[in-house]
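Each chain, letter by letter, is given below.
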Amino acid sequence: MIVLHTIWDNTKLHIWAESSELAATAASSRRTKQHTRQHPFALAREALLEPVGQLSGSLLVKSTGSGTLSIRIPSTSKGPLPSPELIIEKENEDLSTAGFEQWNILTLTLDAHTALDFLLSLPNDLPHGIAFGSSLRFWSEVAKFSFELITRQCFVPTMQETRQNGAIVYRAAWEVVLAGDDEERMHLLSTVMPSVCLAFLPPGEKKTSVPHESVLNFLNAVTDAFVRESLSSITLIPARRNRTTRNVPLPEQWLQALSSDDPKLTASAEDLKSFSTGMRSWLTQIRPVDQDAPFRTCFRLDAPSEDEHSSDWHINFLLQANDDRSLLVPSERVWKERSSTLTFLKRKFENPQERLLADLGKATRLFPAIEESLKTARPMELSLNTEQAYAFLRESAPLLEQSGFGVLVPPWWSKRTARLGVKLKVKPKAGAQESSGLLGLKGIVAYDWTIAVGDTTLTISEFEKLVNLKVPLIQVRGQWVELRPEEIEAAIAFFKKKQGNGNMALGEALRIGLGQEASEVGLPVMDIEGEGWIKDLLAKLTEGVKLSTIETPPTFHGKLRPYQVKGVSWLAFLKQFGFGACLADDMGLGKTIELITLLLHDRAGQNGNSERGPALLICPMSIVGNWHKELTRFAPSLRVMIHHGHERLAGEAFAEEAKRHDVVITTYSLALRDKEHLAPIDWEYVVVDEAQNIKNEAAKQTQAIKKLNARYKIALTGTPVENRLSELWSIMEFLNPGYLGSATEFRKKFAIPIERYREKDRAETLKRLIQPFVLRRLKTDKAIIADLPEKMEMKVFCNLTQEQASLYEAVVKEMLEQIEESEGIQRRGLVLSTLLKLKQICNHPAQFVADGSSLPDRSGKLARLQEMLEEVLAAGDKALIFTQFAEMGTLLRHYLQETLGCEVLFLHGGIPKKQRDMMIQRFQQERRGPPIFILSLKAGGVGLNLTAANHVFHFDRWWNPAVENQATDRAFRIGQKRNVQVHKFLCVGTLEERIDMMIEKKKGLAESIVGSGENWLTEMSTDELKELFALSREAVGE
Amino acid sequence: MGRWRDDYDDWGYYEPSHPIRVQGGIKTKKEHGQIGETWWSKRWIAVLESFNMGTRLTRGRSYARQGQVISIDVEPGMVQAKVQGSQPKPYKVEIRFKTLSDQDWENVTEAMASQAIFAAKLLAGEMPKNIEEAFGAVKLSLFPTALKELETSCSCPDWANPCKHIAAVYYLLAERFDEDPFLIFKLRGRTKEQIIEVLREKRAATLPAESASPSTSESSTGAENSALLEERLDTFWQAGEALDTFAVKPGVPEIDKAILKRLGNAPFAIGNQNIATLLSKAYSVIEAAALQKGEK
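Note that the protein sequences, when read in sequence, are chains D and B.
Those letters in the first sequence? Residues 39 to 1076, per the numbering used here, in order.
Those letters in the second sequence? Residues 5 to 300, per the numbering used here, in order.
Keep in mind that a hint or two might mislead.
What the hints assert, rightly or not - Simulated restraints on C-beta separations: (1) D:Ser1070 - B:Thr239: 55 to 61 Å; (2) D:Asp361 - B:Glu110: 37 to 43 Å; (3) B:Asp248 - D:Lys952: 30 to 36 Å; (4) D:Asp219 - B:Glu201: 33 to 39 Å; (5) D:Lys1015 - B:Ala292: 49 to 55 Å; (6) D:Gly218 - B:Lys96: 48 to 54 Å; (7) D:Gly103 - B:Ala246: 43 to 49 Å; (8) D:Lys244 - B:Ala246: 26 to 32 Å.
Source of the hints: derived by calculation from the structure; they are not laboratory data.
Just so it is clear, CB atoms sit at the ideal spot from N, CA and C, and this is done for glycine as well.
Extracted from the complex, chain D is given alone in its bound form (with noise of 0.2 Å):
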């Protein structure tokens, strides 16, 4: 893997990246003394262009440079350390000779306009084996700071004087401007900076940036560049006849080079300087009033008070504390004050007349209205008519804001329901059934819009009269309203074209209601109102209104939790409608047996209606076996049908096996394969388990799956999906096609702000629109954690891959052959031997040949380990792996670090006691730590206090209880605080699973059968050995 860092030195980003792979190179061969200080395992420059070109395209590669920079870095004597992303083997540096030292490093280099592109376009899924490094994360931040700041337009032109040779230079430049939040924001950022960004020397510096500083010269650099960049192609000067390339006046110079390549401007030393000046002193006008005096000017605007009967606004001049702002001090006081210093409340204001008269002075360029005031001696107020105060509101208001001016208006102006808006009334479509059956969000229902002021609703005429009063702002109902002109104008096109009200779909009219977008009206959406049954519907999606709950039917062979009949009742409520549902309930919480109650709920209610079809479940290979085994342990009456392997039907064959069987099971990459035979037939349910599985939109996967015909479709998934919008979208596309939109749309609406920009408003927005069609329980909800036991054990039933099946056949009939003429101690190695080899083959087929081959797509258990893995990362939690082999426990670290991204510590009995100790700490304490410990049983399977995790992994058995129970206990113990889910991994079909029924038969066997291991299976009758060896059909995945 890679880790990717930049470093701005004042003029061009540069980015450079630390290697594993040559960290571990340049561990082995350290003797090399560093000469040439050059850091070891930083990257080439041309290894670099690769990984760049990954994520930013081969466009943005072109237009870079090269540089060199010399950075100081923290280092052992033996070079330096890697930074905390890079994931490597980093137990063995002893830190405590640790300081810092001055590298060498290769980089390639970006100017400002390149590296704001770069910055930006960075993905937010990060592909394999590249992480970003602190100092690049901060930059894409400062970046994306920039970039608001530029659509807001928070930028001046300005002229830069440098010294070059003894002589001023002046140039035209663009620089931020940072005011109120802002400058705040801009602080932050200078906070959290890590010092690795200031690492080096500026050129042409003799001592390191301050982070003020570099964050304020990056922003006003991008700035810069991106404003040039985009006035190249227009001109701002105008056209003009007999224009003389010779001394053009600075004026017009100076719009050139704001607008140009070459920001300098030539002429006489004198008339730089005087237009310099000029040019500052206009520029002054900006910079907001003196922040740093203990009080400020503020303006407070009160509407025309009811007892009065004036219609006339009061602005109010006021002296506020900038140390608190509830503290005001009205101008009456100010003026009768004869010192230079006015005590107020215990507060001392020195020369508050001199301040209130300047700022005065100041706020009448923003709302000229002020100056009449001023026209008497002491002001204190101004009385304004409601076109003016409107004026104040919408654009006096925030300028003075800006300028540092304090300024209160009327808290309802800064509120929603002060606007004119619409609502939208959804009811029943004329002649419907009353049930709607299956509606679907694709079913007409009729609207009607109706415009709406607050809570009121107004007719037509209501609101033809408010109009014709010909005012910004009104009173509805004793509550100011503001009457924008143009959404008077739409509003009045809209009725006029059409009268507001027809038929549209319902998921449409969720998607407005719900979003609350600005309406085809082109007013915002105020509130969604239901009739009849879709009021109810309303009520149930989207205001939480309680679900009726379904019974448990008693075709269900076991119990439900509480919140687990509520998650099946909630399937169950928007199947009724014909919805798409999502179950995203946390791993572990039992999605699994909440689909199978579903399923027998619906069986119950089809009283020998043998007209719907078969349910079709797709999940990972890796738990094709696991919902077999749930099904038949929960759900004995359903007729489960697997559709897998080379024997696995197809056309018609398939077709009528289907239709005999209640569920069938089949996998992701067959339903690509096998998509025609799958294509034809009619079902029930589709259900896609693990469905980030179809997360790619332009799969031809996802596509197949989408194009299924199916009358109810369900998604589980136990990641979490808001959080990861490319999936959700495509997870809801194929639940409720076209509710969120094209995929384009998306991006544009809610991806790239939710993602790219973390906006709340758009989190927000998205979360009410999917609400309905998500269910999501964590276990750490505090009604969940009630109904959960402190412990949970589950079995998670792998397959073999054919790769697997095969050499475990091979093993296997290579031992029967032995079998049959050997004894003694023979018989018994050789039945141990094979035991070992076959949980080896179990495991992974490169344990077993042990050829240090790749390990992706070869193993069942793997694929699930690193399933279950990322849903453990995503939630937040730590996990421990135990295994019995410590070569498994090698390959499994190494794979999990380079796949999921995470460091990944791993105890064997060849670790010393102090590293040990050093990994336990770590584990336990760190709060980014490794996420992930893999133990071997024998090294880490007592004594140890492991309680940071609270998932435990047996990812190969030993077969005795008490064993894996201790191990278990490294984490339930005492000190753990939430609940411990235990997975126990076995391969389906295969001598794993059959040993561990005999276990849960014989439970109540005396432990010394059992509890020493595994030798009683030496004990057993060759054909007992056979039926337990062989490998039966349903082993194998595909």
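Got chain D; can you put chain B on it based on the hints?
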């Protein structure tokens, strides 16, 4: 003898004069069009142009545009300048103002104290628009209204006064007024600070002098506060936690072109368009370019 005659061009039948060109002279900001951007400098020019100087005025304007004026010094009550004519030695130009008597100033400031706007605008660094009203109220004038209020002299051989050299200086002064409107006070015998001081006293508050004018030093926000990052081994690579939740919201500004609105008109123009007006196009173009980029 052309050496003499080219300075008599008002007589009309001589060859146009060819003054010796000046390197690095003071030029008007604009090559064409009106000189003077603000109302007060326009007011100043209007006074000059009301003197009916004929072609000396236009000649003076081109002198100002060409940069024939070598230096201008503004003293209380007087302007001294050097203008390069056709003789090797530059001419000395002096414009003396009739300064107001202490009593006149007393009357004017008394009038100014009756309305807060004068102090307010002066404190905000602007020339109050109705300043002439305050002067008029006590039968005085801030800007010279007649030739006799100005005493002008030039060392050139032209017997006409004002001559084109004086006119050139006059034009350039207009631009000085654009940059610093309070020069006119200085020429009338009081500095801005003195006036503010008097106004303060008139408000019956005995306040000590203090500078409420906007500071012209560079922005210093936070630069001193944030000390050098400490070189700490364990936190060297760490970003502050708040980085993970730093939110941005690109979008249209609350008020379109707020910066330009806050700046007001610039003391510079191209043709008859103020620079601020010309810049407004830039803001729209840039915002559109940025929003478009944001959707990618």
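Hints versus structure:
1. The supplied range of 55 to 61 Å is met by Ser1070 (chain D) and Thr239 (chain B), whose beta-carbon atoms lie about 56 Å from each other.
2. Checked against the given bound of 37 to 43 Å, the beta carbons of Asp361 (chain D) and Glu110 (chain B), roughly 41 Å apart, stay inside it.
3. A hinted range of 30 to 36 Å for the beta carbons of Asp248 (chain B) and Lys952 (chain D) is consistent with their spacing of about 33 Å.
4. In this structure, Asp219 (chain D) and Glu201 (chain B) meet the distance hint of 33 to 39 Å, their C-beta atoms being roughly 37 Å apart.
5. A beta carbon spacing of about 53 Å between Lys1015 (chain D) and Ala292 (chain B) agrees with the range 49 to 55 Å that was offered as a hint.
6. Here the CB-CB span from Gly218 (chain D) to Lys96 (chain B) is close to 53 Å, well matched to the stated 48 to 54 Å.
7. In this structure, Gly103 (chain D) and Ala246 (chain B) break the distance hint of 43 to 49 Å, their C-beta atoms being roughly 33 Å apart.
8. About 31 Å separates the C-beta atoms of Lys244 (chain D) and Ala246 (chain B), a value consistent with the hinted range of 26 to 32 Å.
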